[in-house]
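Number of protein chains: 4
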Amino acid sequence: MFGIWGHDKAAEITYYGLHALQHRGQEGAGIVISNGRTLQIHKDEGLLNDVFNRSHFQELKGRASVGNIHYVTNGNGGVENIQPHLFHSQTGSMALAHIGNIMNRDELRGQLESEGSIFQSETDTELLAHLIKKNGQKINEQSITNALQQLVGAYAFVILTEEKMYVALDPHGIRPLSIGKLHDAIVVSSETCAFDIIGATYEREVRPGELLIISRDGMKSTRFALREQRRLCAMEYVYFSRPDSDLNEVNVHTARKRMGIELAKEAPVDADVVTGVPDSSISAAIGYAEQCGLPYEMGLIKNRYVGRTFIQPTQELREQGVKMKLSPVRGIVEGKRVVMIDDSIIRGTTSMRIVRMLKEAGAKEVHVRIASPPAKNPCFYGIDMSTREELIAANRTVEEIANLICADSLAFLTPEGMEKAIVQQTTLNQGVCQACFTGQYPVKKNRK
Amino acid sequence: MFGIWGHDKAAEITYYGLHALQHRGQEGAGIVISNGRTLQIHKDEGLLNDVFNRSHFQELKGRASVGNIHYVTNGNGGVENIQPHLFHSQTGSMALAHIGNIMNRDELRGQLESEGSIFQSETDTELLAHLIKKNGQKINEQSITNALQQLVGAYAFVILTEEKMYVALDPHGIRPLSIGKLHDAIVVSSETCAFDIIGATYEREVRPGELLIISRDGMKSTRFALREQRRLCAMEYVYFSRPDSDLNEVNVHTARKRMGIELAKEAPVDADVVTGVPDSSISAAIGYAEQCGLPYEMGLIKNRYVGRTFIQPTQELREQGVKMKLSPVRGIVEGKRVVMIDDSIIRGTTSMRIVRMLKEAGAKEVHVRIASPPAKNPCFYGIDMSTREELIAANRTVEEIANLICADSLAFLTPEGMEKAIVQQTTLNQGVCQACFTGQYPVKKNRK
Amino acid sequence: MFGIWGHDKAAEITYYGLHALQHRGQEGAGIVISNGRTLQIHKDEGLLNDVFNRSHFQELKGRASVGNIHYVTNGNGGVENIQPHLFHSQTGSMALAHIGNIMNRDELRGQLESEGSIFQSETDTELLAHLIKKNGQKINEQSITNALQQLVGAYAFVILTEEKMYVALDPHGIRPLSIGKLHDAIVVSSETCAFDIIGATYEREVRPGELLIISRDGMKSTRFALREQRRLCAMEYVYFSRPDSDLNEVNVHTARKRMGIELAKEAPVDADVVTGVPDSSISAAIGYAEQCGLPYEMGLIKNRYVGRTFIQPTQELREQGVKMKLSPVRGIVEGKRVVMIDDSIIRGTTSMRIVRMLKEAGAKEVHVRIASPPAKNPCFYGIDMSTREELIAANRTVEEIANLICADSLAFLTPEGMEKAIVQQTTLNQGVCQACFTGQYPVKKNRK
Amino acid sequence: MFGIWGHDKAAEITYYGLHALQHRGQEGAGIVISNGRTLQIHKDEGLLNDVFNRSHFQELKGRASVGNIHYVTNGNGGVENIQPHLFHSQTGSMALAHIGNIMNRDELRGQLESEGSIFQSETDTELLAHLIKKNGQKINEQSITNALQQLVGAYAFVILTEEKMYVALDPHGIRPLSIGKLHDAIVVSSETCAFDIIGATYEREVRPGELLIISRDGMKSTRFALREQRRLCAMEYVYFSRPDSDLNEVNVHTARKRMGIELAKEAPVDADVVTGVPDSSISAAIGYAEQCGLPYEMGLIKNRYVGRTFIQPTQELREQGVKMKLSPVRGIVEGKRVVMIDDSIIRGTTSMRIVRMLKEAGAKEVHVRIASPPAKNPCFYGIDMSTREELIAANRTVEEIANLICADSLAFLTPEGMEKAIVQQTTLNQGVCQACFTGQYPVKKNRK
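Protein chains in written order, with full-length UniProt numbering: chain A, 1 to 448; chain B, 1 to 448; chain C, 1 to 448; chain D, 1 to 448.
The hints are simulated quantities; they were obtained by calculation from the structure and are not laboratory data.
No false leads were slipped in.
Here are the simulated lysine-lysine pairs, DSBU-like style, with alpha carbons at most 30 angstroms apart: (1) Lys359(C) x Lys181(B); (2) Lys364(A) x Lys302(A); (3) Lys302(B) x Lys325(C); (4) Lys302(D) x Lys420(A); (5) Lys181(B) x Lys325(C); (6) Lys181(D) x Lys325(A); (7) Lys445(D) x Lys138(C); (8) Lys420(C) x Lys302(B); (9) Lys325(A) x Lys61(D); (10) Lys302(C) x Lys325(B); (11) Lys420(B) x Lys364(C); (12) Lys302(D) x Lys302(A); (13) Lys138(B) x Lys134(A); (14) Lys376(B) x Lys420(B); (15) Lys181(B) x Lys364(C); (16) Lys134(B) x Lys138(A); (17) Lys302(B) x Lys302(C).
Computed from a predicted model, the values in this text were never measured in an experiment.
Same shape as in the complex, but just chain A (with noise of 0.2 angstroms):
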């Protein structure tokens, strides 16, 4: 997600700011811009550069633009649930662009529908427009917080109409959100990585509960609910965000590091070379390795070229060895003990066909080290994990799984290693959010 207020480029900056954000989602992309008077929408099905050409720049002519990278969670797909949304009424537009899950969405719908409301989507956009709405109330500061007051959920907003910008984080700042400024022009984005791409500086982040109205006027900022200890999702530093991101001033990378240090110190191994899998745990091995005075090697390469337009192969055809994604590199590995550090196990397959790959490349042994604890619960808060029926980690000793994945050694890192690696970095009040792997759910769907 990315908007930006007050520059005469604000769709290509918003394009070039999605790019660096792509890696959230890769199934749809859209951007509304405002010139003061009207919005005007164009969005679709597939990659950023699938989805803008030039001359759609010919047409989206304004000062402020919200953009959004569709990330297709429980079959969202098809082009009615890509983000932003438009609502058109007689007295002005919206436009709304959200990451993150409400729980008490089908009690909220339920409502509504009762009283004459109708969906196009299955999104929250759509969802918050309603409860904005509803009534016939104008759209303006008092109705987006009544509305924002009834959610229940992990989530991060931005509403743009032809004269404001509103932007919203939810009570525990589960989600993301950072603001920046390009010359006179305000940013916000889900990671920073969108500011250094488009030359931004950033600013702070938006605060849990903040809701910023930004027009004409400047950047005015007020509260929606109280303030709560931040507690940002443990799992955006683990896999989701990119190495050069700063989440809530903690640089992803140097996490990433910090945890693979953390984890060598509390799972050494003897060893020869340590490796990490392309490319999320990369920056977890070069901790680890150096924490363990081990040297790091590229033991597995991942094939760039696998876009979605790849022919897969067929069962025939990787059953005589065709491989995909990732090769293992042979020379680096064989007759050698290697260390295979991943970043996390979710269903476990991926983590088993890589040990086997490994193996069949001439590793003596595999041992694997996950830079995350065990993933034993499902997240509601936006994140597609698994159910808990497919979490490998579920109900599952280290030893099961180290069976099942054919690994020499397997060990986790402890929450409280991970809290070490990320919260011990900042100044700012903040826990994380490790609910997926402790139980420990800052939010609960009945929480009034």
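With chain A fixed as given, assemble chains B, C and D onto it according to the hints.
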């Protein structure tokens, strides 16, 4: 607009049916299908062939389907305006497709918005959906009847739910809508040419003010408005429909040919050959030639391959004589006195270009005969004609127009001649809407 | 095939010219341009509109150009067979485009190969290029004349070098090729309809056995073969060319209409309406109707939107009556005795389908009249007709064919009628090649 | 370049093999397959995934296949230059694929042309095909050997006929080419990473001056040139090959890491962090860091989604700071003394941009270390380096270059260091070609 109920290949049949209706719009297409439990949709911008490929039909499985071809008027471009529209609620879904125009749209919408409704498109289908769901009502015969009774305008609707298909036509029958049978399945279509392409047989017209409810129990007919005299849009006969369609049981080619015959009676001319502007004026030209005893010739050829990806010639090349869609046939018109039959004159620019083209190709005289009366009034019922300011006939005499388009003579069919050509062919209780010619509007905005 | 010499927008003009020739093939297109120093090419598979976009014309700059439309015969698909072909040598380049067929291809090629030539395509253009360059000769009037004199067949060639354009037609003029002027530029085209679309004026036909050399010094005419009577392919008149083209100064529509008139004289029938199979049989149907005094009606409609991306109905749906390209007009044929005019019968399957379609739509009788003689012999001159085994007329009487296609009666135009309809219209020394009808081949393979 | 002999899925295997080689070129791809009787081809411009879709493999059936990835150098764009090339003759067909550069191309071609040969491309494959067929020879060991003996340069060829596959490597082994086995099938590939992706095992390198003939009778090795010391291109190790490939049995990642180690020994620096330019300089950076005892960090991140359809920022936006491919990681470099490892400096513009980027992101000092010697000389063997004029190191001292790129210090690896890093790892009789660094060219144009 096309719908089918009760066929195993409902989506494919809808695809072929829409093919026959492609001439009604080229900007988008969509199909919704019901499998009895859920509704599925696919729609996009472009020609039918661009929007659908074989893989879509592996997913669109069910026995009831509604589809639409998108015809852009008044800047209602954008995928969000393409029909059918699909709405979800916790008690069931509903797809709507529509042709025509609701005249009290703004009042109805303003009232809905003041009660909290929000809109994502400019379509009348979204408006009807809100009217049906107002106050949280169920989607059934009662709520649909109530909603239809609030509409003022010219329209045809098909509504598909998981379990039923509803079909409605405005109280004056201004827009066309026919019912057919394909084995045990019931089909509805804006034009009967869609029945022919799929091998269905024509049953009857939907009656003005009729609401049909089609379900497992068969087809039930109800009435939501008093029956008035049918007033089908004359422009459907003049140029909008395909010549192989029957509208209100009058074949379009035959009606056009008779318009040509009437025109020849009213405005004969001493000439050598008769030619028509392809494709829609060919029938009238044949009739005119037959009546006059003059040879009908192909004096103008349409370039079939000028599609949307055609590179338009620059102004410079156009001035050098590069033509695009139409070419005159020198061998036919050279040295001849040519009668050029066209179906209508709207802005007059095309007519002017064709007259010049024929003269450059050697025509000695060009006599223009228009197989409809002068169009002087805007259409409020869904045909995209120009505003009054742009209508060349609005404030000009026939001589002035002849002068403007450089014709050696010009004549129009009279409203009486048109009435004779169309209405006298049918046994149905039928008049035609000639409002754009005569200014006598059958439906007024403030009817009530 | 289209070429232009001496125009600043040579590539664009070629593009528009090829547009007028698109009906001659849909499988590929290419354009080569000379800027006086180098030749540039762009070609690909697909319709002209698929192959070229605006950006290509920003690169194809020059004042001389040759283009071609690819017509697949005998499995010569693949981009390597699309013309023009471009050949490079250290002393200059040469592009060749061609229509027709070289009958002694195999002998010439075998001889060239035994001398070390290698081939990358199956095209006659590549063969001619080798013949020209044989023994390392320069590309000039002499080497081209020598090469042409070795060819046996029916052909038209355009050769473009950096500095000259060469145009050649086979000694019998079996394939069509016309010369026009566009201001100071010289244009050549397979059909004159390309002149009309670009605003060029017709000058004359290329003569049988003529070699034109066009350069900065103007156009020079030489002769590489004895002049024989022109024998233009009758099939060009029957269905291959566009009705607005003039071939050997005879308008195609007019020739077709006269074939219809002759056919009506030879084989009248007592009926109610005359209809033609669109598009190529419409002219003959008009002529037939005029001569008989019967009304001409549009009893069959072609679906304009069945393109290459159209999803063909499955066998199951076809059996259920789903039609594709052609629909009968029930309102016109129901209860009528119909004369159905077609331009030719090759395999008979289409005719059979149309007769059945008309009867299913209610026609009481269907009398088939074919505006050309029975096609009994294969074409060796470049028209893709069936082999003798597949030609329905090859071994059958007219009655047997009538039976096979379920027609109530059937008659063909006689060769004499066709001769009368075409040849008597022109002052050129012209016959037509009717070899496919009569078996009298003007060029034999072993001529020498 | 990739070839396979003796596998039922030869075309698919070639597709996956070429995927592993996609980094060697992105401009086009092609595959030819032999089914024992005929050769079939598909090739086009674009990435492998753009060129091939599933339907192609339903047509490309056979047990032997050769494919190539197109790498554009010196404006050899256009589909006619994409390999393999396919040549037909009445006695059989031949497909050729090639990497490298023939130095006496112009002389050979001039001679061939003077004898009547014509060329359709600029490729060395077409040249070799002519040499083989010269004087109408058959395609066999003898004619291929004769042809190869006329070539001067650096090259690897795969030639496929209906019945045999021929594989040849230049007399100095400048270009890489390895042999592997996949069950009973023989595979050849420019890099061994293609063996890993398809599950093949490495057998041996093709020897300098070796011609392999692979047929139903197995693999036969012959020699067309005296064996000289192998002189594999150093640039293959420096940046061209994938890190998981082994070249002459030396792993590329390991070689690069050792270059980093040697560089650290030769040119250490007092700093805080070491970072590498992704992707090709990461290995050297890790080696440098390890040797120096400094932490290796990801100070630069590559945007994976900047593809060919990416809309490049305008000059105006670039000046405002919009970045494209690379972003610095502020959290890592801010306030630090950074060693930036790059694999090579060619024109110096990229280095300059990266140094500035790092400083803008807060780096206190930027010390550039290049893991190869200064590139001062053009490559005549097929690597697309700049001309001598553009090579920043051609006429400048190290200090001058450091100044130009704004580095606080700059050092290059010595040729001796590079030799040590690469050659000492292998037991093969191997040197490396360092001509671009040292000016000592192993092959001269006028060798004979």
